[in-house]
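Q: Build out the structure end to end from the sequences listed, making use of the hints.
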Amino acid sequence: MQYLLLIYRSESEMAKLSSAEMAAMYGEYGKFTQEITDSGNYVGGNPLKPTTTATTVRVRDAKRVVTDGPFAETKEQLGGYYLIEAKDLDQAISIAARIPGARVGSIEVRPIMPRTQAVQA
Amino acid sequence: MCFYLAAQAISGRGWKLTIPFPEGEINLILMDFEKFHREESGRILSTLIRLLGDFDLAEEMLQEAYAVALQKWPVEGTPANPRSWLISTARHKAIDRLRREQRFERKAEEIAKTAESTVAPESDLEEEMVADDRLRLIFTCCHPSLPLEARVALTLRIVCGTTTEEISRAFLIPVATMAQRLVRAKGKIREAGIPYRVPSQEELKDRMDGVLLVVYLIFNEGYLASSGDALIRRELCAEAIRLGRVLCGLLPGQAEAQALLGLMLLHDSRRDARVSAEGELVLLEGQDRSLWHAEQIREGTELLEAALRRGAAGVYAVQASIAALHANAKTAGETDWAQIAALYDVLLRTSASPVIEINRAVAVAMARSLDEGLALLDEIEKREELEEFHLLPAARADLLRRLGRRAEATEAYRRALALTANGIERRFLRRRIAEIEMQIGAGSKKKERPASEGGHYKTTEN
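The listed protein sequences correspond, in order, to chains S and H. In terms of my numbering, the first sequence opens at residue 2 and continues consecutively. In terms of my numbering, the second sequence opens at residue 63 and continues consecutively.
Source of the hints: derived by calculation from the structure; they are not laboratory data. Errors might be hidden in some of the hints.
To be verified - Below, a sample of chain S positions facing chain H; criterion: calculated Cβ distance under 8 Å:
id	residue
1	M2
2	G41
3	D89
4	D91
5	I113
Unchecked claim - In silico negatives: residues of chain S with every beta carbon more than 12 Å from chain H:
id	residue
6	Q3
7	E22
8	Y30
9	T56
10	L79
11	A87
12	L90
Backbone N, C-alpha and C fix where the C-beta goes; we use that ideal spot for every residue, glycine too.
A: Pasting the structure below:
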């Protein structure tokens with residue numbers, strides 16, 4: 002099964018990190034990504050730019066409404082994701098628990114809906 | 063003489079053979095179907111879920127297999143191994159169904175291939191496999207990614223084989239709501255890929271805590287619930303104890319699981335003394351201790367001692383220690399309140415809750431002095447967090463009654479009465495008020511004396 006691991010953390014806390022701390026964090030992410038690549042679980046993943054760069058788009062009555070910022074204001078913001086292959090939820094959870102961001106923020110684990118199921122539904 | 067044999071299904075129970083004799087009919091009940099269903103359904107279902115990989119399909123196919131059994135067994139005789147027979151029949155029905163629907167051709171072939179081994183005649187190996195299936199299923203139903211209330215309901219439904227109607231009656235929730243809760247939980251297991259396996263060694267500790275919590279909640283619902291069908295509630299206690307035994311049996315060396323099983327046995331040993339023949343609540347102090355189940359107390363105490371030797375020090379071990387001190391006191395007067403108060407101190411540090419705080423105050427009152435206990439209760443009351451909680455005024459009322467402060471006691475009992483809807487508790491509180499009023503009536507002649515009969519008021523320990 003594939004799972005999307007959504008990494009949420011507080012941007013304001015992130016902004017307080019020193020450049021040395023940032024470098025250490027990126028180092029940890031690099032190491033983790035390599036590990037799950039070697040174990041065959043990695044399918045994809047990216048860090049995201051902060052929500053200050055976000056734009057929300059809606060189309061209502063064929064009219065495009067574009068607004069600044071993320072869709073929902075929350076305490077923690079989506080900061081990146083991994084797409085992984087795991088044999089079940091337990092494996093997905095244990096991979097999620099190894100994401101460096103899990104220690105300061107939270108990881109939402111979402112199963113990917115297979116295309117065939119999406120067509121049926 | 064001509065024997066006329068009629069096999070007849072007894073609704074919900076099995077069937078009987080009716081043999082008409084000149085002197086009258088003889089009914090032979092061939093098999094207690096209800097008992098078999100209750101005891102075996104959980105096991106059969108857990109094996110089917112492993113084989114079919116689908117909760118709903120397994121449940122449906124088991125129903126169909128039971129329907130076939132009800133037709134065939136009375137005529138052809140009960141098979142030597144009814145469990146294997148049902149598993150095999152349900153499996154074949156599942157294969158037929160999947161082939162018919164043609165959507166899951168590959169899945170049907172998979173099931174057809176993997177399943178043969180489980181249909182082997184009864185053997186130790188089969189027993190072991192069924193036991194493993196059950197354990198896996200417990201961990202699936204108690205998965206932390208399911209909401210707690212769904213874990214409790216699902217464990218009862220799937221592992222214990224309790225019906226949805228019974229669960230909804232026990233938890234006082236409409237059947238439709240309970241059914242939906244179960245459907246959602248099963249949906250999540252399927253869609254999110256919650257596995258069907260015993261967690262790895264490094265996960266086991268955390269996951270075990272979650273499983274024990276579910277078992278404990280099932281037991282408490284049966285033991286403490288403020289209302290609901292008394293018979294079903296007793297059945298919940300029995301199911302929780304059964305689950306506790308399965309866990310201790312399959313995962314030996316789990317000290318906390320042993321402590322929990324000990325705790326449940328010790329509490330449950332008092333079941334026949336807690337409510338009088340008239341349906342009145344009887345508190346620990348007033349209970350007829352000869353009604354306590356001595357064998358269960360012995361087993362519970364031994365389990366607790368074994369758990370403590372293994373280093374159990376969690377919330378169940380401490381609670382079981384308290385229960386053991388009560389259960390092993392020959393008379394209420396011999397209760398070791400000093401130790402009990404000390405154990406509540408431990409509980410308060412590790413897992414503070416209003417009930418524990420109140421119980422601790424009562425233990426202090428009994429161990430040291432009524433005034434000291436009352437002062438602790440007054441402090442809790444001052445915090446005004448528990449204004450809706452009837453146990454606080456009830457506990458205060460009891461200490462005031464013991465101190466001979468009758469007017470204040472009556473007032474506190476009345477406050478407790480206004481806060482609880484439970485019939486048994488309400489009757490108990492009214493009886494107390496009536497007793498005090500009688501004493502006050504007689505008090506004009508007799509000197510007031512501190513009441514020493516009756517019992518202290520506690521939830522966890524009556």
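Q: Determine for every hint whether it applies to the structure shown.
A: Okay, the hints, checked on the actual structure:
Given hint, S/M2 at the interface with chain H, holds; its Cβ is 5 Å from that chain's nearest Cβ, closer than 8 Å. For S/G41, the suggested interface contact is broken, since its CB lies about 17 Å from the closest CB of chain H, more than 8 Å. With its C-beta approaching chain H no nearer than about 4 Å, S/D89 sits inside the 8 Å limit, and its interface hint holds. A least Cβ separation of about 5 Å between S/D91 and chain H falls short of the 8 Å threshold, and the interface hint therefore holds.
Annotation: interface hint on S/I113 violated; nearest CB of chain H at approximately 10 Å, more than 8 Å. Its beta-carbon lying about 10 Å from the closest one in chain H, S/Q3 breaks the requirement of being farther than 12 Å from that chain. The beta carbon of S/E22 sits about 29 Å from the closest Cβ of chain H, which is more than 12 Å, so the claim that it is off the interface holds. Every C-beta of chain H lies more than 12 Å from that of S/Y30, the closest at about 23 Å, which supports listing it as non-interface.
S/T56, annotated as away from the interface, keeps every beta carbon of chain H farther than 12 Å; the closest lies near 31 Å. Residue-level check passed: S/L79 sits 20 Å from the nearest beta carbon of chain H, beyond 12 Å. With a least beta-carbon separation of about 8 Å from chain H, S/A87 fails to lie farther than 12 Å from that chain, contradicting its non-interface assignment. Not every CB of chain H lies more than 12 Å from the CB of S/L90, the least distance being 5 Å, so the non-interface label is violated.
The structure fails to meet hints 2, 5, 6, 11 and 12 from the earlier list, while all remaining hints are met.
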